[in-house]
Structure formats: C-alpha cells, structure tokens
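We have chain X already, so just place chains Z, F and C on it with the hints.
Number of protein chains: 4
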Amino acid sequence: MTKPVRIGLIGTGRIGQVHAMSIAGTPAAELTWVCDPFIEGAQKVAEQYGGKVTADPAEVFASGEVDAVVIASPTATHVDLINAAIDAGVHALCEKPIDLDINRVNELWPKAKAAKVTIALGFNRRFDPQFGEINQRVAAGEIGKLEQLTIISRDPAPAPKAYIEVSGGIFRDMTIHDFDMARFFVPNIVEVSAQGANSFSDDIKSVGDFDSVVVTMKGAHNELITIINSRHSSYGYDQRLEAFGSTGMLYAHNVAPTTVAKYSGVEVESRKPYMEFFLERYEHAYRQELVDFIEGIRTGKSVNPTFDDGRAALILADAALESATTGKAVKVDLSTY
Amino acid sequence: MTKPVRIGLIGTGRIGQVHAMSIAGTPAAELTWVCDPFIEGAQKVAEQYGGKVTADPAEVFASGEVDAVVIASPTATHVDLINAAIDAGVHALCEKPIDLDINRVNELWPKAKAAKVTIALGFNRRFDPQFGEINQRVAAGEIGKLEQLTIISRDPAPAPKAYIEVSGGIFRDMTIHDFDMARFFVPNIVEVSAQGANSFSDDIKSVGDFDSVVVTMKGAHNELITIINSRHSSYGYDQRLEAFGSTGMLYAHNVAPTTVAKYSGVEVESRKPYMEFFLERYEHAYRQELVDFIEGIRTGKSVNPTFDDGRAALILADAALESATTGKAVKVDLSTY
Amino acid sequence: MTKPVRIGLIGTGRIGQVHAMSIAGTPAAELTWVCDPFIEGAQKVAEQYGGKVTADPAEVFASGEVDAVVIASPTATHVDLINAAIDAGVHALCEKPIDLDINRVNELWPKAKAAKVTIALGFNRRFDPQFGEINQRVAAGEIGKLEQLTIISRDPAPAPKAYIEVSGGIFRDMTIHDFDMARFFVPNIVEVSAQGANSFSDDIKSVGDFDSVVVTMKGAHNELITIINSRHSSYGYDQRLEAFGSTGMLYAHNVAPTTVAKYSGVEVESRKPYMEFFLERYEHAYRQELVDFIEGIRTGKSVNPTFDDGRAALILADAALESATTGKAVKVDLSTY
Amino acid sequence: MTKPVRIGLIGTGRIGQVHAMSIAGTPAAELTWVCDPFIEGAQKVAEQYGGKVTADPAEVFASGEVDAVVIASPTATHVDLINAAIDAGVHALCEKPIDLDINRVNELWPKAKAAKVTIALGFNRRFDPQFGEINQRVAAGEIGKLEQLTIISRDPAPAPKAYIEVSGGIFRDMTIHDFDMARFFVPNIVEVSAQGANSFSDDIKSVGDFDSVVVTMKGAHNELITIINSRHSSYGYDQRLEAFGSTGMLYAHNVAPTTVAKYSGVEVESRKPYMEFFLERYEHAYRQELVDFIEGIRTGKSVNPTFDDGRAALILADAALESATTGKAVKVDLSTY
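Residue numbers (the numbering used here), protein chains in the order written: chain X, 1008 to 1344; chain Z, 1008 to 1344; chain F, 1008 to 1344; chain C, 1008 to 1344.
Just chain X, same shape as in the assembly (with noise of 0.2 Å):
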C-alpha cells in the first residue's frame, strides 16, 4: 500500500464534520490537522479522527504535514485559503462557493489556472450515482443528442433566517449546486433568465430573497436547461433530472430508505417520505468526492470539479439574479475574463 494522503481539515461545523468522517473512512488519506478559530470545534474533531490542532490555517500550511487540505469553512475566507494553498504548493478540496463576490474570484482565477496543485470545487452532486450514471450515459451516446435538461430540486426546508441574510441569495447558495449540475452536461451555457417568487416565506422575503425560482438557460448547442428550485419540500428531499436526447430520455428519480411499498384501502404503492436531510441524501456523493479527489493527487489526473467550475457556477447565479431583476434573458460567456 502507498503512503496516505496527508489532509489538514479547515473549518469544522457541520460539513466539516461530513469531510472528517469522509477522510476517517478513506484508507488512502490520513487527517494529519484539523483547524478551526472556533478550537473548541477542531479538538472534538481531531479526537474522534485524529489530527494536531490549531486555530491558525497558516499553522497547517507551515506544517510541512499536509499534502492536501479541505475548505469547509465560512465562504469568505476560501479566496484567501486557496490562494494560501496555492503559495504552499498544497492540493485544496474547496467546499461551494468560491465566494460570493465574482470580482474576488476572477482575482484569483490567472493564479488558480497556473498552479500546480489540484485545485477541487466541493460540487458533491456530481459524485451522486444517479446522475453520475445518467451522465455517463448521455456521454455514451445512449439516448442521441442532448436537447433538453430539467433539473428538479428542492429542500426539505429553509434555513433559518440568520443563515438566509448571509448566504447570498438563492441562486448563489442553493441553486449554485444546479447550475453546476447543468454544466455537468452542458458545459458552454450561453444565456440564462430566470424567475423568482415568494411562495412561502416571510423570513426569506423580509431579507430581499426568493424562496422559489425557475431559471432557463440555453447551451451552446441549442440545448434547453431548465432549473425548478424551491426552498422547503413536503415530502423530503427532492433531487430529480431528467436529460432527453433525439433517441432516448433518462431519469434519475428520488432516492428512498426502503424499496417497501403500502397498499391500503387508502392508498396503494406508497412509500415512506424520501430522506430529510442533504448529507443523508448525498452521504455516498461526499464520500466519492473525497476519494476521487485523493485519486486524482495521485495520478495526477483530476475528475473533480475545478476552480473554473466553481466560477462558472457563480457567474451563472450572478446572472440569474440580474435576469430574475430585471426581467431580461442574460447572455454570458463562461470561456473567457
């Protein structure tokens, strides 16, 4: 067996917590540090998985003990820390965003391009084996050309509102993962319009967001996309897409605890309500995240999503919101500054 990957930790809250239980049960990676401000945070991590502990992100860098780190912590810091990562010749796994502010972004993207390390967007759904599988297909030729793609998805239920004032906005922080999704498929998007609504929430209104969108984009193959996006769900989490070709369709429909159906003088065919919550749902998306990111370190051939990925994303959400104020499809052009 070769070395483990060394990974220093970043942030500890709860997608922190997801990664460290990721890299615990990966055997080819080893959580060497764990950092968090909040240390309180680092050291129950670090006792459960392992790891020294710091408050310092710069401690880990200087460490001379990591090969890689993951970024799971607050949005604003990731520009600095990946740039940090970059200047210590350090693979980084950043979760999404980058940042909320584009111009901050597209500072670093000359740097990003030209390092040398891995520089990994933390979009899981992409590792998710229901649209993995279905994009694999699509690449196979199995259903013709691509024409159009709908990605239905929705929350269990919002965040609250202390999170909602600071995330954003709903195309930055949740649609962000759909917008990466549609470019899974349909890399060169080419215009964007959306729409926004309050359908539910006053919380989510009082602070100048929507707790419901549609947005529609055009590929550069005359692809219609199409994003349905609302912020709570009855039922639990729902995560489908739907890619029709000229000779085929594929559709991923929602994952289920159980296969167990109910047949009553009520209802027939029914099932229990699907999962509550994204890291159940997505458990073994995050899990694969992690190991292809490793792989790739090692191989030095990267699947994960990039820094360009992670960019394109926010420039699509940028756009969405113009198109959504405004009421004007936007044109935009993912390939160039």
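What the hints contain is simulated information worked out from the structure, not anything from laboratory work.
Copies of the same chain are indistinguishable here, so a pair counts whether it falls within one copy or spans any two.
Pairs of lysine-lysine residues, derived as DSS-like cross-links and limited to a Cα-Cα distance of at most 25 Å, are as follows:
#, residue 1, residue 2
1, K1212, K1152
2, K1338, K1212
3, K1168, K1152
4, K1279, K1152
Here the structure is a predicted model, which means the values were calculated and not measured.
What follows is chains Z, F and C alone, placed relative to chain X:
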C-alpha cells in the same frame, strides 16, 4: 357490412346485464331474445338493449331468430342449456363453471366435443389486455422457457353468505378463474396441491369453505405454478401475474384508475386504491370476449376457451379441494376421460 | 329519456372524425348534419354515423335541425363560424385555437361574452382523467397552496412541414394546450418568459419556427409555472404534470398501454413505449369533453373551457413568442380588453 | 468508549472474508484471531484486517483473547465449533445451516439452550432494511392480522456442481434462508408442503436435487405462507416479500443499483438489472447482523436469530424435502424435541 350475429341472452342477473351491454356495444352483434324466468329482469334488459322477451329458454332456441346464445343463468342450468344449444345448432357462450359436478360435465363432454357449433366458456380474464399481452410475449419466446407461473388473485370482498353456501366452494367458484389462467399458459397440468385456511370470515368457515387458499401445480414440462387467493383485499381488486422464464420475467401489475401519484410528509408515490369491482376491472375483457366469440362464429376459427377448458378447470378445482382436505398431492390427467 | 341534443358537425378531417365518433357513442347526442366543402368527407362520416350532408355551413345553421355545432374546420374559419352560431342561437364547441390573430379574437370577444348560447373551446386535456383528478385534488386543498406547476408536454413526432408552415408557430399551435392547462390550475397569469431552440428539425427551422421551447410564467398569487415542450419524443406521447404545493405534490405520470413490465439481463421494470397518437392518448378526454358540453347545454351550467379561455391561451402564446424573440419577460393582463 | 469485543474468525472463505470486513468496519469489534486450516487464507485476511493466525480453532478458544467467534467454516464443522465455544465461554455467531443432519443439531440442542453465551445464527436477511421495516410495521399492526406471506427468492445463477453435490439440497442450502424469513414473521409454523422441479439444470438434476421449488406452509394462526425459489434469475438477484394482512399489504421490491430509468422507442421506465451477487445485495445486512451481535453481547439482550431458529429452519427444510418426495403435507412441531 355483413349481417350481425343474432344473440339470445339467457339470464339477466348482474353478469347477464354485462353481456347485454357488450352485445349492444358490438356492431357485429344484435340482441334478439332476452330470457329469464324472472320475467321483469328480462323485460328491463330488453327495454334498454332490445330483443323479444321470454321466461322459457326453449322458446329462444325454437324461435329460429338466434345464431347464438349467451348463457348467464345459474350454474345448475348450464349443462342443459349447452345441450339444448347443440341440439338447436346454436352457438353458445356459457359463463363459468359448466357445472359444480364433474360427472354431469363428463356426461356432456363427448357430445360437446363432437358439436358443430362453437361452445365457448366465459373465462373472461384471458381477454384482459395485461394477461393477453404476457401470454403472447411468452408464446413469442421473449422469456425463453416458462419455468414458474405465479398468480395472485384477491377479491375486494367476499360474496354474501347465501351465495358462498351454493357456490361450490372457493376452488370451484373463485380459483376456477385462476385454474383457467394457469392453463392459458400451461395447458397440460399434471399435479395439484392445495392448502386452505379460514383467516378472517366466520361466515365462510361456518359453511365449511375456506376464505384463503394457496394452490401449487406442476405442468407436464416441469413448470411450477402457484395460485394465491383471498376472498378479501383492503386495497381493491388484486390481480397480478408473473411469468418467470429462463431468460426473462414478465409481470402484470394491478390496474389503477389513473396514473396520479401523491407525495406528502407521510407518504410518497402514493396512488388511489385499485378498482373495487370485477365488472369495472374486467370491462374491456368482457367486451373483447364477446367480440372474439362473434369473430370465431364468423370465421369458424374460435379462439375463446372451450368446453374442454371449462371441464379442465373443474377437474383442477376438484383436485385442489381433495388435496386441501387430504394433505396429499393429486395427480390429474386432463387429456382423458 | 329526454330528447337528444341535435348536433351539426362542421369539418370532417381527422379531428372531425373523432368528434363524430364521440357523438355517435353519446346517447344524449344525435348527429343531424355533417358539413364539409370536401363533400366526400362529409358523406363518408354521415354514412357511418348518420346526419344530412352539405358543403355549406349556412345550410346547417338555417336547417333548424341543430341545437349545437361542433366546429372542427380549419382555424381561419373558426371566428366566422362561432359568430354564425351565436347569430343562429346555436351552441358551439369549437376546436382550438379560436384564431391565430388576437385582433380577430378580440373583435368577437364582446359578442361572445354577451352570447346566450354556450361557446365552448376544445381544450380536451382538461377532461383527461389524470389532469382532471389533480385539478380537483388541488382545489380540495390536498396539497395546500399551489406554488409551482410544471407541465412536460412532448409530441411523438412533428407534423409535416406543410402543416407547420401554417400552424401559427409552436406557441400558438402546440403550447396553446399547455397554456390552457396552466390556466386550468392558475387562471390569472401575469407574466410570461420563453426560450425557443432549434434542436433537431431543419424543416421547422427553415420556416422560422422552434422545435423545442421552455416557457416560465408567474401567477397572480406568486405561482411559478413551467412548460417544457418538444415536437418529438422517441418514447411516445410524453404528457406529465406536477402540481407542487405547500403541503404536498401531485404528479400525473404518462399513460401506458398496459401494466406489463419486463425483467431481463439487460433491463428490469421495462414497459412498452407510451401511446404514439394523440387521439389514442386522449380518447377518453374527447368523449368526456362532448358529454360535458351536452350536459352544460342541458343544465345551463357549462363547465367546458370558454371563449375567454381560448382568448387567454392565445394572449399567452403571443406573449411567449414575443419573449422568446426579444429576450424579455412580458407582462400580461388576461382580465381586460 | 468501552473496550471493543475481541473476535476470532474461523473460516476465511468468501463468507469469512465478508465477516472480516464487517468486523474491521465496526468500531465496537476487534479482530484478534483468524483461523483456517488453509493457513494462507488466514494469513491474507489477518494482513488486511489484523489478528493472529492459526490453523487450529482450539488455539483460538484457548488463547483467552477472544470474547466471541464468528464461525464461517464448512457446515460439517459448525456443531463441534459451537460446542467448543460454549465450553470456552465464548459467544458465537455461526453461519447457516447448523448442520445438514437434524440429529446432530438435536443432540446439541439442550446444551445450546442452557448456554450462558450468545449463540447467534447467521440468517443475515433479517437485518435487511426492507424486510426489517416490513417486519416492524407488521408487528406495529399496520396491516391488521397477517394472513398471507409470500416470499419470492431467486438466485442469479446456481453454484457449481461440486458445491451443489455437498450442499444438502436446495431446501437445506437455499430455501433455508426463506424458512427463517417465514419464521421472522410467523414463528410457529405447523405444516409444510413442497413441490420441486428440474426446470433448467442437468447438473443439478444429475445429483438428485431440484433447481426450482415452491413451498407452502401454514402458521398456527391460519397464516398461509408461500416460498417460490429458483436457482437462477436472468435479471439478477430476485428477493421480494409480500405481507398481506386484513387491513393492508406491505411489499418489498427488489433493490436496484440506482434510481435511473430509461425511456426509448423500445422501452420506457427501464432500469438496470438488479444486483448479481448476494454480498452486494446484503452488504448492509451482514454489517448490521454483526453490529447487533456485538450489541447483544454488551447488553445481554441478543436480537439475533438463535440456535433454536437455526434448528427450526432445518426442520422445515427436512419437512419440505419429505413433502416434495412423498407428495404429502408434513405436520411439524417446532416447539418440542
């Protein structure tokens, strides 16, 4: 258009009315006589669908105004009426079963075999689109050699005690449809085992009958056949069939009123219960049965189940009853007297 | 039984023949006149289903032998025929669209509103058991407040180029059904955005039309509506609808010919393609549409879509075309002139 | 954290390796000894998952370094090893069946009953999420009184002839899982009927065994139980269960690799074949089985199937073989010696 086939309907109870409706809706058929000792019943049907009225079947046969009769009178009259139809040179479509007593059936058997007219048995389920499609695809070799046939057949609710008492028992009254369905796929059945239980109905138990049975049978080519019956089903008519072959399996699901599914916090993919009533569930089958009967008369090549099929189903029912009572598998030979 | 409603059929093309069949199969209706300038067409229909024959609609209205007309002639004749029906005091069921030109529709609008007779528009899909059931359950509050409505509607194959050329474009010809379906759930729509693409058909592109479109709309109560169309679908008629509400979701799946599923080494749960033909797919809907039209005449309380509904659908189609062309969301006001 | 339970693994064949993996993945367990007369097998497992190596089980028991053993050696050794575990005061999780000879099982029975240690039988399917969920919901009364239990269980492909020859026959080797599953729902079974067939395999026929069987059983409370088995299945592992009760039915569908469905001109709703391999299909069940075994040791309250359950399944298998051979239903009494 050729002249319609003139039909006399004998029996105007629930099932007789279904046939009257089918005849009225079939351009190639004409209802010319309606017969029932309960003359008001006959009159009511004739008013709605046409035809002369009589209480005496002999008048129908003697009229010279019927090419065929549909026999929907009580079971005890079937043998005599088929006999009369043969004597009159009139085709007959007779409801199942031919009789509750195999001896009476056997007496008529040689004459029925030699008859120039079509004697069709009312095993309507062969004309169900689901079962018919599977039958054709199995015959076309889509699943290789048929190895296992599984029929699940549950009625929404038991008939009244008064009916059960004279029904001849669950095997001859209810399972008889499934025996014929089994023979639709495996005509030559050689062995029958059965187990019966009193799971829920004191009424049925009190008349010495079972409310739930399982029958297993062997075909001449090593097919294993399973029939699972219940006299009740909380979720509506449960009528499924599974044909398992060496290279594939074909499965007929239940028929739902619509394709609408509901998703909520307590259930997902939930649909309304299946149909409650056999006439509704098998509406298409009853119509197609008549259409094919008429077509068979016209072309001289009937595809409807025959007197032999009716006799075979009764032999299997008797064997099942014997097996359920004695605990022994019963060999049968459907090919000889 | 009350006297049947006497019906004159105007137009005996494909859709006219469907209506003739529905009329013949509806005891409460009687086909008394059949009209088509192509007189052989009229004669053929009359031979099969009854009625006198003429090439001139005026003769039908003047006959005093029709209580109602079914208008199934070319679109360009609809306005004049509705006008004539109103003048003759004859009820009318008119195929969609009223006209391709909203100005002609608007001219007739005040007269249609004031008319004593029923002017029903042939939006047959409202009578589909699937969509009808969802509509009723939404109205009954089963899913709380309706927040998002998603309609996926794909035809098996495009009409011939000659038809497309005079069709008025995909929005007025095909999407118009979906606009009405949207209004079946959300009558008051206030904004329309649309994107069109030429994904597969050079024929359609050559006449300046789209083969694929996505339309998003807003309702007055913050509903977000999405319509996804394609002029082709390899797997048959794709007609789904999803009503997403605050407490649940209702979904209409496609209609399959049977419930049979196949399991083999290359696939499981596999079913035969959906219906290829709109008449087959919507056979029940066409029949129910006529039954309700007749019932509405009888009771004076029509539930069929109205002239207003026909006008509203055309306004939405025009708005969609404008939006797809200009890249701007278009505000609409369906309530005023 | 409490000290992990120290486990000795006896037998390092296919199933032994599965247990080694489960032990390694269970924090509460530690693999301390690995035993196999084929010492290279033991060494290989120990290298990957830890533990000392021996060819002699006696050394494991004598070591004082195991709290429990997992017995995954050939069937013929099970009785002696369970016996040794009891003598050594060591808990045991033993693969099914206990033995092929009910007399040997009966000899050990009183001692096993009196043992202070946990003797758990490896009927892993009880730990499958699907079957477990149904079992709990039936117990919770969701479907009223259980009336009919139907188990369909087909292996992807038969084992090699060499294995079949010493397997003890399909009832003791394959159906034994379904006998235990039946008893998971209906512990007290009182009568067994069975029919066997040679449908496809000359190899299996040549060793005097069946490749396809149907077993029907009665429970003490009038439950009718049906088991349908085949040694092959073209579409992968077929493992379904239907619990039919007085007020509802619960159905466990097969487990598919993903939720992706394909729609094309030849098929719709088509999914990839089910899993081919029992380890993959029951991966979760094997892990949960071990977790519960450990938990049972800790709490003193084991929920795993017991020696009694292993004995009962063998009695049912023997009865089924007798019934299939004699054509007679066989009464069984699982409660006495």
